[in-house]
Amino acid sequence: MKTFGKRKLSPYAKDSAISYGLVTAAFVIVSILNSMGLVSSSLQGQLVPICCYIVMAVSLNLVVGISGELSLGHAGFMSVGAFTGIVISGILETSGLPDVGRLIAAILCGAIMAGVFGFLIGIPVLKLRGDYLAIVTLAFGEIIKNFMNIIYAGKDSTGFHLRTNPDLGLEPTGRMLLNGPMGATQVQRIASFTAGFILVLVTLFIVQNLMNSKQGRAIMACRDNRIAAESIGLNVTKYKLMAFTVSAALAGMGGALFGLNYSTLLPIKFNFNTSVLILVFVVLGGLGNIWGSIIAATILTILPEALRQFADYRMLAYAIVLILVMIATYNPFLRSRVMMLRDKIIPKKDKPDEGRKPRTRRKKSGKEVG
Amino acid sequence: MGTVLTVRDINVYYGAIHAIKGISFDVNKGEIVTLIGANGAGKSTTLHTISGLLRSKTGDIEFLESSIARTPAHKIVAKGISHVPEGRRIFQRMTVEENLQMGAFVSKPERIAHNLEYVYEQFPRLKERTKQIAGTLSGGEQQMLAMGRALMCDPRLLMLDEPSMGLAPILVDQIFEIIQNLHKAGTTILLVEQNAQMALSVADRAYVIETGRITLSGTGEELAKSDEVRKAYLGG
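Listed in order, the protein sequences are those of chains A and B. Read the first sequence against the numbering used here and you will find it ends at 370, with the numbers running on by one and no gaps. Read the second sequence against the numbering used here and you will find it ends at 236, with the numbers running on by one and no gaps.
Calculated directly from the structure, the hints in this document are not laboratory data. Be aware that one or more of the hints could be misleading.
What the hints assert, rightly or not - Partial list, derived from the structure: chain A residues whose beta carbon lies under 10 Å from chain B:
| hint | residue |
| --- | --- |
| 1 | Gly180 |
| 2 | Lys214 |
| 3 | Asn225 |
| 4 | Ile227 |
| 5 | Gly233 |
| 6 | Leu234 |
| 7 | Val236 |
| 8 | Arg314 |
| 9 | Pro332 |
| 10 | Arg335 |
| 11 | Asp343 |
| 12 | Lys344 |
As the list claims (entries may be wrong) - Quick list of simulated restraints, FRET-style, between CB atoms:
| hint | chain 1 | residue 1 | chain 2 | residue 2 | range |
| --- | --- | --- | --- | --- | --- |
| 13 | B | Asp154 | A | Ala319 | 52 to 58 Å |
| 14 | B | Lys131 | A | Arg308 | 47 to 53 Å |
| 15 | A | Tyr132 | B | Asp60 | 32 to 38 Å |
| 16 | A | Val325 | B | Glu210 | 53 to 59 Å |
| 17 | A | Phe272 | B | Ile17 | 36 to 42 Å |
| 18 | B | Glu65 | A | Asn273 | 55 to 61 Å |
| 19 | B | Glu128 | A | Val338 | 27 to 33 Å |
| 20 | A | Phe333 | B | Pro169 | 38 to 44 Å |
| 21 | B | Glu210 | A | Ile135 | 48 to 54 Å |
| 22 | B | Gly139 | A | Val321 | 39 to 45 Å |
For glycine and all other residues, C-beta sits at the position ideal for the given N, C-alpha and C.
The following block holds chain A by itself, in its conformation from the complex:
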């Protein structure tokens, strides 16, 4: 497969390079504006959450768009990542490790833990299909939320303690890291915009490479036609599980960064609403469309704050914007105009790539995914 992999890769490699370039450019511009004091304080506070939500949206797109399974429990994996990250960072607080090292350790552990959860949950969930699968992911998301509600963790000079009741028997000098439904308090805020930017790049790198690999092809083949995929010898469950686990691990990374951006974090933050919010990013951006996810996550995270001036009508305005965007992106006339504009700006690629065009076009709409 290597030979055809390489030949195919070149246009993709170019696309990927463009993605990294654009994300980097956005980061540089925002950083410069920020240093010049041109970024409002409310937006400043949202820079890290935006990065987290981008990671969440891109990772959920891997399951919903690329693998074609509707998952309604993505916030659960974010939760696992967030609290794992907080605990790891708390444990390492006194170790003398610099903040950067702690952040990396927290994110890695968050990713691993969420990946393990994703794998274990994926085994039973992926035996189901369609609506049933969606409902069960919803249930698992709620289970994780409730599970986090009964976890108590703390540390003192005797070491680390983890229980399902508040009585940890800590020494007076000890510190509570997770406090059940009260969540994590006095978290050191070591997350930064730069870390968020790097995390977005890492996520893009992983997802785009996966999509263009042999395994990614197999994942998409399973989505396009399960029976055909089985008939050419693909182990459908294996590839669906792969997408689900990678997606959960990436969500764990995003969650860890998210958790370390706030001094207090409640488990209830990662409820069904958050799962749906991330799903809205994905659907609005277009199923299978990575760039759409990034843009939708950014705009829809900023929007509620930007609409603050509407006071009581804020959520109404938010809903109207959502509807308008949906109408605009699904309007065939507008879409064809945008395509024409795009073809003018980016001249058509050379011949072998031409056949690919309708595919990306259809993906933009996300209509065909089912």
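Since the structure of chain A is already known, use the hints to place chain B on it.
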């Protein structure tokens, strides 16, 4: 001529429905064997059972002298049974060539270029459309693509499920011409068809399936002449 596939006394159930009631048959190397029968007789179910998508409660399926009755579906393909499912199951959003490459997923990388060339030789129509999105192909072309994809993994046995379904008569002729070409090239084929006339005209041997049982068997010629088959499937 050795036996490629032996199916012995398989019983398949869909829940409470007893779909296959003790079917046995075999396929020899280089043959075209066809299973004919009416809707719901159990033809496709038999193919699904051989390719591991369904399980038989009893009996055994032997492929190249080893049992595959308990082998998972994705490993059966690697063993050399290629199944072209009913209804042109192609990857709609991939190009023709990408579809074919997917067919080689389990085979050795060094064989891909060779097999791709072979498939294009058998299906010149596909060669004209390598970069076209598969979903935009016509019905006949999609059927050719599904068959071509199945040939990409060097199958020792090619199973075709209703290749003529929903195609115009001229395309049916083309598809059967290709089946005969593949036969001449030495491919062993197990063909399931409702178009009994066409199927019997190309088959070395044939089995008639009725409500889950084999009721008749013989060479294609014999069955085409048999009164029972003529009445039931060939319109008098």
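Evaluate the given range 53 to 59 Å for the C-beta pair formed by Val325 (chain A) and Glu210 (chain B).
-> Once the Cβ atoms are compared, 58 Å apart, the range 53 to 59 Å for Glu210 (chain B) and Val325 (chain A) holds.
27 to 33 Å as the expected CB spacing between Val338 (chain A) and Glu128 (chain B), which holds or is violated = 31 Å, holds
For the hint on Leu234 (chain A), does the least C-beta distance to chain B fall short of 10 Å?
-> 6 Å, holds
Is the shortest C-beta separation between Pro332 (chain A) and chain B less than 10 Å?
-> Hint on Pro332 (chain A): violated, closest Cβ of chain B at ~18 Å, above 10 Å.
Under 10 Å, Cβ to Cβ, is where Lys344 (chain A) needs to be relative to chain B, so tell me if that hint holds or is violated.
-> The hint is violated - Lys344 (chain A) has no Cβ within 10 Å of chain B, the shortest such distance being about 23 Å.
Evaluation of the interface hint that places Gly180 (chain A) against chain B, nearest CB under 10 Å | 44 Å, violated
Could you check if Arg314 (chain A) really has its C-beta closer than 10 Å to a C-beta on chain B?
-> Violated: closest Cβ of chain B sits about 39 Å from Arg314 (chain A), beyond 10 Å.
Given Gly233 (chain A) was flagged as interface, is its beta-carbon under 10 Å from a beta-carbon of chain B?
-> Hint on Gly233 (chain A): holds, closest Cβ of chain B at ~3 Å, below 10 Å.
Regarding Glu210 (chain B) and Ile135 (chain A), is the given constraint of 48 to 54 Å on their beta-carbon distance met?
-> 41 Å, violated
CB of Phe333 (chain A) to CB of Pro169 (chain B), is that within 38 to 44 Å?
-> 41 Å Cβ-Cβ, so the 38 to 44 Å window holds.
Do the numbers back the hint for Val236 (chain A), that is, is its least Cβ distance to chain B under 10 Å?
-> 8 Å, holds
Chain B contact restraint for Arg335 (chain A) - C-beta distance below 10 Å = Where the cut-off is 10 Å and the nearest Cβ of chain B is about 18 Å from Arg335 (chain A), the hint is violated.
Checked against the numbered hints listed earlier, the structure breaks hints 1, 8, 9, 10, 11, 12 and 21; every other hint is satisfied.
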